[in-house]
Structures are given as C-alpha cells and as structure tokens.
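Enquirer: Each chain is listed here by its residues.
Protein chains: 2
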Amino acid sequence: MKRSIEDTPIAIVGAGNLATNLTKAFYHKGFRIIQVYSRTEESARALAQTVESDYTTDFESLTKEAQLYIVALKDDAFLQVLPHLTNGREHALWVHTVGSLPMNVWEGYVPRYGVFYPLQTFSKQREVDFANIPFFIESNSEADTQFLCEVGGTLSKKVYKVTSDQRKALHLAAVFACNFTNHMYALAAQLLEKYDLPFNTLLPLIDETARKVHELVPVEAQTGPAVRYDTNIIDNHLNMLSDTPAVQELYKLISEDIHRLAKGE
Amino acid sequence: MKRSIEDTPIAIVGAGNLATNLTKAFYHKGFRIIQVYSRTEESARALAQTVESDYTTDFESLTKEAQLYIVALKDDAFLQVLPHLTNGREHALWVHTVGSLPMNVWEGYVPRYGVFYPLQTFSKQREVDFANIPFFIESNSEADTQFLCEVGGTLSKKVYKVTSDQRKALHLAAVFACNFTNHMYALAAQLLEKYDLPFNTLLPLIDETARKVHELVPVEAQTGPAVRYDTNIIDNHLNMLSDTPAVQELYKLISEDIHRLAKGE
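Which chain is which? The protein sequence lines are G and W, in order.
Residues 4 to 268 (the numbering used here) make up the first sequence, in order.
Residues 4 to 268 (the numbering used here) make up the second sequence, in order.
Hints in this document: simulated from the structure, not taken from any laboratory.
This one's a predicted model, so the numbers in the text were calculated from it and none came from an experiment.
Incorrect hints may have been included.
[What the hints assert, rightly or not] Think about it this way: if two alpha-carbon atoms lie no more than 30 angstroms apart in a straight line, the pair counts; the simulated BS3-like pairs of lysine-lysine are:
no.	chain 1	residue 1	chain 2	residue 2
1	G	K266	W	K266
2	G	K171	W	K77
3	W	K77	W	K161
4	G	K171	W	K171
5	W	K32	W	K77
6	G	K77	G	K67
7	W	K197	G	K160
8	W	K197	W	K161
9	W	K266	W	K164
10	W	K77	G	K77
11	W	K164	W	K32
12	G	K164	W	K161
13	G	K266	W	K32
14	W	K161	G	K197
15	W	K160	G	K197
16	W	K255	W	K266
17	W	K27	W	K171
18	W	K161	G	K77
19	W	K77	W	K160
20	G	K266	W	K67
21	W	K161	G	K266
22	G	K161	W	K197
23	W	K171	W	K161
24	W	K255	G	K197
25	W	K160	G	K255
26	G	K255	W	K266
27	W	K27	G	K197
28	G	K32	G	K77
29	W	K32	W	K161
30	G	K255	W	K255
31	G	K255	W	K197
32	G	K255	W	K77
33	W	K77	G	K197
34	W	K197	W	K27
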C-alpha cells in the first residue's frame, strides 16, 4: 500500500496562536500529530487533546519518532530553544515558521531543514481558514522542498517556493500591510475617541480600502489630500494634531511620501 | 395626499465619483432628481440620462425649482463655484458633501444650509452600496437637520448628527484609516516588486487585518516586532530599507509610535 503524505508522523513545538491554528488544520486534514511540546503544560495538554496526540513540557521527552518537526515559535523563543531541540532527532526534517529568520539558522544542528512560513496574522480570538493563506517554503534539498510544498498544499491553494531573501522581504512587507496599517487604524481610533465619536463608523471605509486593492494597485487606488499635496487641508490637519507631535510628524511624512509616489518617483 | 420625502425636487451639482454614486442611489430610492450640473457636458449628460433628469453646464441655467441642492464637489472645486451657485435660489436648502469644510462656508449666500457627508472612498471603478455607509449631517436649523437625517435615512442605516468640529475629526481619521492605510499597502507593494514577488500574496493578510478591528480595538489587535520594540528585527528591517531613506524614516517613526501606544502612553 502506498503511504500518503498525511501518514508522516509530525511533532509540533509550540502551542501559541500559530501552533494552535496550524496543528488543528493538519489534524482536520487527517495528518498524524504524534506530539505537542510547550513549556506551559496547560497549553500543551489543551492542544494535544484537541488533536488526539501525546504532549510534553520537557525537551528530554520530545519524541524521537517524528519525521517532520514543525517549530511554530516566534523568532526569539525559537532561537532560545534551538540548541535543546534536535539532539538525537537528526534523522528528521526540521522546519521553523518565522518570516524574519533565514533558513540557515538550522545549520550545524541537523542535516535536513527548512522553513514553512504562512503569511497571516494569527490571534487566539479568531480561528483562521488556511485555504487562502499563502505558504512560503524553503529547504536545503530539492526533495524536502517538494515534500514541504505538498504538505502545504494540503492546507492551502497558495504554496510558493522562495529564497530566504524573498521571505525577509515578505515579512517586511507584512509589517507595512498589517502592523503599520493597524497602527493607522489605532491613530484614527484615538482621534475619534477625543471627539466623542465611535470607532465603528470607520469600519465601512476600512473594509472598502482593503477591498479596493483587490482590483486596483495601491498607487492607483490612492485618494485624499496628500495625492496633490493640498496644503490647505494638510495644514489644517497638522494644526489639529498639534497636541500629539509624534502623530503630527507621522502625518507630515506619510503625506509627503504619498505625494512622492503619486508623482511617480 | 401626504407628500413623501422622495417628492422633494433635488438638484445635484457635480458629476464626479461621489455625485454619480449618490445621484444613482437617490434615483433608485425613488427620489426626483430634476437637474444635474457639471461643467463637463459629457459627464452631466451621462449622469442625467441614467437618472432621467435634465442637465446643464451653465450656472445661469441651473434650475430654480429644486428644494434641495446637493453640491457633491471636492473642497477646492466647491469653493470656486460657491459664489456662482445660489443667486436667485435662496429659497432652497443647500448642502455640501465635504468632510474638511465647515458648515459656515455657506454663510452670507443662503439662509438655509448644511452638510451631507458620507464617509467612504469613492472610485469610478467600483459602485458602492450606501446601506452601510455612515452619513454625517449638520445644518443651521433643527428642522433642516431633521429633514436631512430623513433623506440620509432612505439611503443608509447609519445617519449621525455631528458638529463641524466632529466632522473635521472624522475627515482626519478617514485620512489615517483610508489614505495612510492605502499608502502602507503601496509601500508593501513597492517592496515586493523589488523582490519579484506578487502583491496579491498580501491580500489575505490585508483582509484579515481589516476584519480583526471589527472584533478587537486596534491597539489590542496589534502584533509584530514594534509592539515590544524588538531591536533585532527592527534594525534588520531598517537595513533592508537603506536605499529608500524616506521609507526607512517612516518605518522607524511608525514602529516607535506603535511601541508608544502598546505601553499605554
């Protein structure tokens, strides 16, 4: 009988937002999760129960039976545990899930390694559907890259092979498109609060702004006073922000930069 | 027979994105649009035909029969035409649709005036559904405010009375939530292009970032390296932006500001 990709024994290191979402998604696709590691017993047990797997809070007891180890930890946590993970488990393929770290952080630890990077913002409060989330794959062998692409392909329609440099650029682009965008929402919310207005009046505008770039490239979708650098409105807005100098400076620089792009520079 | 609000004869000044979207919406709700003005004959005729109204390109021929004149022009265009509009039409209620201009720009021209401000980004390429778009209403009499709220209420479930100061704050908040957000998309797009990656890989992240603030306030929804000011990642990103100093400076200031809000300042 031909073994299918879902029979690959997988161990998951981590039980945070990404680890939880990813492990559940694998489980629902019929994968065999044989163990979950977390230093927090409660998190390890809860996730392990959901996916009918073993769990441990101790590196010594980390299973040696997995063929694929997915370390779904944030960059700093990953780098801390890295020296304690792989000893005695060098037979397997090891991947991390971090956008900001190069693939070669694995070098010297294991012979087969790679990266399995889903580009999305994960939170405990919301379960995400992986079907539309792009996965960016990298490994140090053609065969393992192919294997990881197949694993990713069971979860998502969008699986891409990339280089470490490309993945770094994706992570930086995601900081702009997600974290910095969310900060623009936060500054808008702060302002509305000051004027006794509810933040939810902005939601249709926020939604339409996101929808627009499905059809138009962002530079073409741009509107507002900064495009033609309308000094009247801009000065007026800068005045309104005079009690928050950091925000005022941001308003000025972003407006100048919008104008720069609109001129095609 | 009781006259209904839809029988109010309306004239529309303007045939741009907002004017077009708004006029069609009124028409579909059964309002009587008696004339469309635009200085561009083609735009005036096209819109007038769609809503079965008269049109003109000449202020002299602007109808004197309307009871509500809606001037759906951008701020600078509106201020230019304002002195030519109202003469002989002082009986009617006049409103502009601009977020950035106070109500009292009408003062000295007509006795009954106000503002009818829909908070949304309009583009020729996309038709918007007004049902969820908030309208912000202001006028110089209680009766006309009530009337404008009823008119707005035929198009949208969300109609708010606001002061000119509140509307200015809404407009500024919209610049952050729409124009500045879109600029973050544009900078992400520029970066991905440089690394040969398609912009559409970011769309699921962009959508989720917008969806998240329907459930969490933006400060709580924030993730990424700037929250704890992760110097390793941030320095790395700043390095990657060294060939675009303006964008590098923006990255630095926004990250600092995210950290400021995360600390609760």
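Enquirer: If a hint holds in the structure, say so; if it doesn't, say that too.
Expert: Right, here's what the structure says about each hint:
1. G:K266 <-> W:K266: Violated, because 37 angstroms separates the two Cα atoms, which is more than 30 angstroms.
2. G:K171 <-> W:K77: violated (41 angstroms)
3. W:K77 <-> W:K161: Measuring from Cα to Cα gives roughly 22 angstroms; hence the hint holds.
4. G:K171 <-> W:K171: violated (40 angstroms)
5. W:K32 <-> W:K77: holds (24 angstroms)
6. G:K77 <-> G:K67: holds (23 angstroms)
7. W:K197 <-> G:K160: holds (24 angstroms)
8. W:K197 <-> W:K161: Given pair K197 of chain W, K161 of chain W is violated - Cα atoms ~42 angstroms apart, limit 30 angstroms.
9. W:K266 <-> W:K164: Violated. K266 of chain W to K164 of chain W sits at ~34 angstroms, over the 30 angstroms cutoff.
10. W:K77 <-> G:K77: violated (47 angstroms)
11. W:K164 <-> W:K32: Distance of about 22 angstroms is within 30 angstroms: holds.
12. G:K164 <-> W:K161: With Cα atoms ~46 angstroms apart, K164 of chain G and K161 of chain W exceed 30 angstroms; violated.
13. G:K266 <-> W:K32: Violated, at roughly 40 angstroms.
14. W:K161 <-> G:K197: holds (21 angstroms)
15. W:K160 <-> G:K197: Status holds; Cα separation ~24 angstroms.
16. W:K255 <-> W:K266: holds (17 angstroms)
17. W:K27 <-> W:K171: holds (27 angstroms)
18. W:K161 <-> G:K77: violated (41 angstroms)
19. W:K77 <-> W:K160: holds (25 angstroms)
20. G:K266 <-> W:K67: Violated, at about 42 angstroms.
21. W:K161 <-> G:K266: Violated, because 37 angstroms separates the two Cα atoms, which is more than 30 angstroms.
22. G:K161 <-> W:K197: Since the Cα atoms of K161 of chain G and K197 of chain W sit roughly 21 angstroms apart, the hinted pair holds (cutoff 30 angstroms).
23. W:K171 <-> W:K161: Roughly 18 angstroms separates the two Cα atoms, so the pair holds.
24. W:K255 <-> G:K197: holds (26 angstroms)
25. W:K160 <-> G:K255: Outside the cut-off at roughly 35 angstroms; violated.
26. G:K255 <-> W:K266: holds (24 angstroms)
27. W:K27 <-> G:K197: violated (35 angstroms)
28. G:K32 <-> G:K77: OK: K32 of chain G and K77 of chain G at ~24 angstroms, within 30 angstroms.
29. W:K32 <-> W:K161: holds (16 angstroms)
30. G:K255 <-> W:K255: holds (14 angstroms)
31. G:K255 <-> W:K197: Given that 30 angstroms is the threshold and the Cα spacing comes to 26 angstroms, the pair holds.
32. G:K255 <-> W:K77: holds (21 angstroms)
33. W:K77 <-> G:K197: Judged against 30 angstroms, a Cα distance of about 26 angstroms means the pair holds.
34. W:K197 <-> W:K27: violated (42 angstroms)
Hint compliance for this structure: hints 1, 2, 4, 8, 9, 10, 12, 13, 18, 20, 21, 25, 27, 34 are not met, and every other hint is.
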